Every structure is written in structure tokens, then in C-alpha cells.
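Visitor: This is what each chain is made of:
Number of protein chains: 2
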Amino acid sequence: MTQPTIVIPRGFRASAVKAGIKPSGGMDLAVLVSDRPCAAAGTFTTNRVCAAPVRWDRALLPTASARAIVVNAGNANAATGAEGEANARRTAEAAASRLGCRGNDVFVASTGIIGHQLPMERLLDGLARALTETSEDESAFHDASRAIMTTDTRPKVVAREQVIGGRAVRLLGLAKGAAMIGPKMATMLAFFLTDAPVAADDLQSMLSEAVEQSFNCISVEGHMSTNDTVLLLANGAAGGEPLAGTALQEFSALVQSSCAALARMIPEDGEGSTHTITIDVEGCHDREQARAIARAVADSALVKTAIHGADPNWGRIVSAAGYAGVPFEEAELSLWLNGVALYQAGAPVPFDAQAVSAHLKAERETHIRLVLTHGDASIRFWTCDLTAEYVHLNADYTT
Amino acid sequence: MTQPTIVIPRGFRASAVKAGIKPSGGMDLAVLVSDRPCAAAGTFTTNRVCAAPVRWDRALLPTASARAIVVNAGNANAATGAEGEANARRTAEAAASRLGCRGNDVFVASTGIIGHQLPMERLLDGLARALTETSEDESAFHDASRAIMTTDTRPKVVAREQVIGGRAVRLLGLAKGAAMIGPKMATMLAFFLTDAPVAADDLQSMLSEAVEQSFNCISVEGHMSTNDTVLLLANGAAGGEPLAGTALQEFSALVQSSCAALARMIPEDGEGSTHTITIDVEGCHDREQARAIARAVADSALVKTAIHGADPNWGRIVSAAGYAGVPFEEAELSLWLNGVALYQAGAPVPFDAQAVSAHLKAERETHIRLVLTHGDASIRFWTCDLTAEYVHLNADYTT
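Respectively, the protein sequence lines represent chains A and B. Position 135, counted from 1, in the first sequence is what the working numbering calls 135; the numbers after and before it change by one each time, with no gaps. Position 187, counted from 1, in the second sequence is what the working numbering calls 1187; the numbers after and before it change by one each time, with no gaps.
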């Protein structure tokens, strides 16, 4: 596989090793390290059953002294009780002792099967190796992007460089996720590294807002994970004073577009999927109502299977909108599918079903547009279809 | 197919015809008629996009003069605008003119594809034939139970006779539904007929309560229908004064157990399903919290596919409970699968995974028990698994 050229933010290093956590024997432990202390921001799953590393990371914020993220795949360290909590702490502290920082300066993240204890001996051995092999080369970050994968078919990376406030600022994002994707407040594993100088509280507010419009706008099957984590580390190695004013806004826009680009890659790689579905909900009273409608449509098995079958069975779309918990009258709702009007002001519109079906068959990209008459709020949401292959993949994951 | 013997409530007649609404050409129009005026109760979908017959029926309640229910399958008359509303009214009024009652004494119900106008000429012609052929024979009710089916593989009937307040009271229920099942407040099509004398307001309160514990406790894929309708007609033909006191309570219990029996048949016939999953959620603060947890577990594609694959991947179950919107700590949650403890007070329990998997493989009946430590409220919920067959069935429904 040829790898796209990516620009690495200054002052960051990475590595990935085979620690023996994934049954496949592949790379399964990645570290992302900053040479200097970072301001950090994070958003996490709101699941009441949340992974030990999520609890650990949450407790570290806010911080301006973060140094590393340790990520393992193959085991979620979720629903693992007190032993799981201790293992998250041991992982952070083992990394810290080698990096010469405090355990509280190390974030940890896990993904994989729920309810099994981490194989700590193998993990700590792998971690020691990983920390001696860190590199600022592109290939080390590519390796890290693959080590965090579980059922993903491809790594998910976004890399940007932009001149902001007179200096070239770099932002790199890595993500994983192809199922158990139904985030509310945060999602999956995604890690952003930047050399921009940003104050920790600015960093958190811009990340939270970006996540609301990116990782909180995707789903695969709507099952909220125990491990969803988005972290953003800013080490300031690009130089200069912390960004402020227009420069801060420009950087915030960069974070937002990078989050959106990376988030979208997840339903694009949704397990077994054959269509990527972009759902625009417009004309709403507020963004949360738009999101609720988009999510109901995105998570409907009947909508997903209709798209998979290239079936313009649009009643499934408007009926999903109808149970989203948003009050509206049918006469206030209109629907377009791939640009074709199907339902206008609460009544069906004659359309060429064969042409719409042929378009669905031919193209992976699918566009659903639902428009209400309530206001100016809108949202863009991404999901994928539901296929027999998804069922096959998920009927046989642990055994 | 041999048909079970059923006892028909006195004073009711039924018939079913081929009106030419289903593409298959099968029976698709049923009428249920009472010789005398009935007290009626109903519960309906809470979907904002709801079918014209739902709007019509809702407006008729409360009533003590109901005479008939006209049901068609093959077309939902939903998302059909003003024309759909007019067609529901025309159907009721056509039946009324033949029965010698008011249009407002006739309930209508539809199920099938959303967004298409009813073929009114064929429908009214079929209705005229159906009304001339009504019979109090068992076979007429069996025909009606089949005419209302869409993707159901079998009719769903419950018939009871019980001595209450010194007289033999009969209750007959018919239902249909195998997908687009995710009711909140009511569901699908289900019709109950009784010859018990019951005051209309007693009837409504007992039906509402029974539906809360039956039709509102099932799902197939969680997509709330536009057409969910449960109706209960009581014509008093068993004789005597309206039931009161203990007799009323006994009849209410009969309604409750009949609703539960009929509701359960729907996920048992869930499209493509290979497992019927009973979910008991116990130890909750209130019933709505128990229901929220049960519904989140029932509607998780990951839980459903794990059960389908006989995979005791219980992390999917507790993580679904975790995003139900009910506040709890992990240490307050325990889980049993088919009687085997998997997760106790927030920590995993060693178990024989092969034995649990073998049980799942061998039996259609599956039991999930989630216990919190918050109180005495509980709920029993029924769903089915998610299979590749479900995807095949739903990727190709209209085209």
C-alpha cells in the first residue's frame, strides 16, 4: 500500500509494535510522544459503562503538561472493574517512568473486545519496546495509525499545514473505528497532534465544538461505545505566543475541518458497507433538533437496508424523522434523495423510481436532504448502509 | 395449515377478500363488524409522520357507538397528504352506509408501503364484497387474521374465554407485524374484540396499561411505524351490567395477558429472525428507566448479531445498557445470559463460554437479565436477533 505523504507536527514522535494483544498477532500498541509538555483537550463517551482508560484520561483534564498517548488495540479494557482501572494506571505510569514525566502526563486509550483484562505483561513489554523506538519519521505515524485499527479496513489519517498568525502550523489526526459507532458527545479513538501554541482552555473549547459537528455527527449502527475518545495535544513547537484573536479562530477552523475529514472516514469504512450516506437536515429550530432527526434516520435499519438495496423506499426516511422526538407537522417536511424531490410539504411527489434506483446502484455516495420550515439550524451527518456482510462480521467477532 | 380452534366473542362477524391492493394478489382487506354498538379504546403510534387512518381513528375516541374496523394490507396510506386523509374518510363512510351507522362509528387501519395513494376503486369494491360476506364462523376470523399480514410468516391470534362476574366473557385478538417494529406508546396493527360489557373509559384505561406492558415492550429493529394501532371493541353481548370492581379487575388482567401473548408473537415472527430474545430489566428506580435500558439492548444491532452468532459477547449488552440514558454506576449492574452470570456488580465473572455459546446455538429462546440496585421496578421486553436474511428481505421490499 502506498502511503500518502503527511507532514508531522514538530516535536512529536511515534512508534508501534506487536505486543501480542490482538489475536491476529499484528501491530497493536502505539505511542504518540511530545518532546515538550502539551496543552491537551479531550472529549469522551457518555456511556455509563465506560472503559478504564476513559476514566483515567477524563481525570487528567485540564492539563498543560501532557507528554504522551499510549494506545492499544485488541482489548477495550472496558467493563473490567477495579483491575481494569489499575491496569490503565500502570500503563500510564510505566510510560511516564521511561519518559521522565508524571503518570498524570500520559493519556491511555484502548479498543477491542469488552470485558477481558488486559494482558499486562505483554502490554508492558511492548510498551517498553515502543518507547525506545519512537521516531519523528512519517512511517512511524503511519505505523501508529495501523496499530490502532480493529475491524477497520484502512488507516484513517488527516494531516494539514497552514500559515496562521505568521507561522506555519501543523495538525495531524489519527482515528480508528468501523463499528460500535453511535457517539453522543464524543467518539471512537481519534488523536490530534499540533505544534501550534494554544492555551489549554482555548484548545478544549475548540475541540468540543469541532467534535459536535464531526465525530458527534456520524454513526455506523448507532451503538455507543464504551471507549470513545478524542484527544488533541498542542505542544507549541511551531513557536510564538499562544494563538489569540483571528489566529485562534483560523486554527479553530482548521481543527474543525480536520475533525470533519477524519470523522467522515469512519462511516466510509463502516463494516460491510456499500454506501456512504450524507444526511443534511435543514430548516430546524436548533442544531440539536436537526441532529436528533439525522441520527434517527442514520440509525434506522430500514433506511440503511433500503439504501443498500438501491430501493427509493422513502417512507422509511420520513417515518424515521417522525420518531426522532422533534415536534413537527407533516406539511412542514420535505425530502430529497440524491437531489430528487420525493416528498414536499407532507405529500408525495411523482418521481422516476427507476432512475433514482439506478443512481443508488451506481454510486457509493448517497445524499439524503430533509428540510423543515422551523428555522435556520442545520446539521450534516454521515453514516453507512446495513448489509448482510455487517451481520456476518458481527455474528462472529469473539468466538 | 391446521388452524387452532378459537372462540369468537358473541355478536361479532368478520370477512376478508382479495381487493387487489397487495401485489401478491392475496387476501388484503378484512372487516370486523359488531352487530351492536361497542365501547372502544385505542392506542396509536406517536410518530410525527403518522398514517391517515391513525388520524381518523384517534379523532373517533372516546366512543361507545363503534360498529366496525376496516383493515387493508399492502398500502399504509401514510405520508399521503390530504388525498390520503380523504381516502381514509371515504373508506369509513362507505362501510358505514352499508352498515347503517355513521362514518364516525367505523375505524380504519392500513399497513404496507408508505407514500403511495390507496387504489380506492379496488378498495371500495373489495369493501362492498367483504361487507356482504361477513360471518361469525371461526374461519372468517382466521381469514381476517391472514388478510392483514404483510411480511408476517404466520397469522397472530389470541382467543380467551373466562367466567368473570358470573358470565362467560370472550376476548379475541388479531395482530400483524414482523418489521418496522419499535413502538413507543402503541404499535402495529392489533385488534381485540370482546363481548364483555365494559364502560368506554374503563376500557381505555385498561388497554393503555396493557399496551404499556406488551406492545410497548417489543421491537424488531426499533423503527417506529407510522401506522401502529391497537383497538379494543367491547359490545357487551355477553350480557349484564358493565363490569365493575373485582370483575373489572379480572377482565383487565385478561386484557393484559392477551396483549402480552399477542405482542410476543411479533418478535417471534421477526423478519429473518433465528432467536426470540426476552429481556428482563430489574432493580430499577421506575418502569420507564427499565424500559429505556431494555429498549437500548433490544435495538442494538451488535447485541442482535452476537445472539444470532451464538456469541456470548456480553460487553455489547452492558454497553448498550450504558447508553440508555439511565444514570447508574457500573458497580450497580449485573448481567445473566440464559441463566449464566457474566457480569456482577461491575466486574466480569469467569464463565464457560463454550457452554453458553452451545446453548445459544441450540435454542431459539434467549434470556437476557439485567439487574440494577436502584429499586423494585422492572420490565419484560421481547425482541429478536438480526440476521443476513433480515437485510435481504429489507434491501428489496418495494422494487
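Take the hints with a grain of salt, since some may be wrong.
Derived contacts from chain A toward chain B, CB cut-off under 7 Å, selection only [claimed, not checked]:
| no. | residue |
| --- | --- |
| 1 | 223 |
| 2 | 348 |
| 3 | 391 |
| 4 | 394 |
| 5 | 395 |
It should be emphasised that the hints constitute simulated quantities derived from the structure, not laboratory data. These numbers were taken from a predicted model, which means no experiment stands behind them. Don't be surprised by glycine CBs; every beta carbon is placed ideally from N, CA and C.
Visitor: Work down the list of hints and note, for each, if the structure agrees.
Guide: Tested hints:
For residue 223 (chain A), the interface hint holds, since its Cβ comes within 7 Å of a Cβ in chain B; the closest pair sits about 5 Å apart. At a threshold of 7 Å, the smallest CB-CB gap from residue 348 (chain A) to chain B is about 5 Å, leaving the interface hint in force. The closest approach between the C-beta of residue 391 (chain A) and any C-beta of chain B is roughly 5 Å, which is under the 7 Å cut-off, so the hint is satisfied. Restraint check, residue 394 (chain A) versus chain B: the minimum CB separation of about 4 Å is within 7 Å; hint holds.
For residue 395 (chain A), the shortest C-beta to C-beta distance to chain B is roughly 3 Å, which falls under 7 Å, so the interface hint holds.
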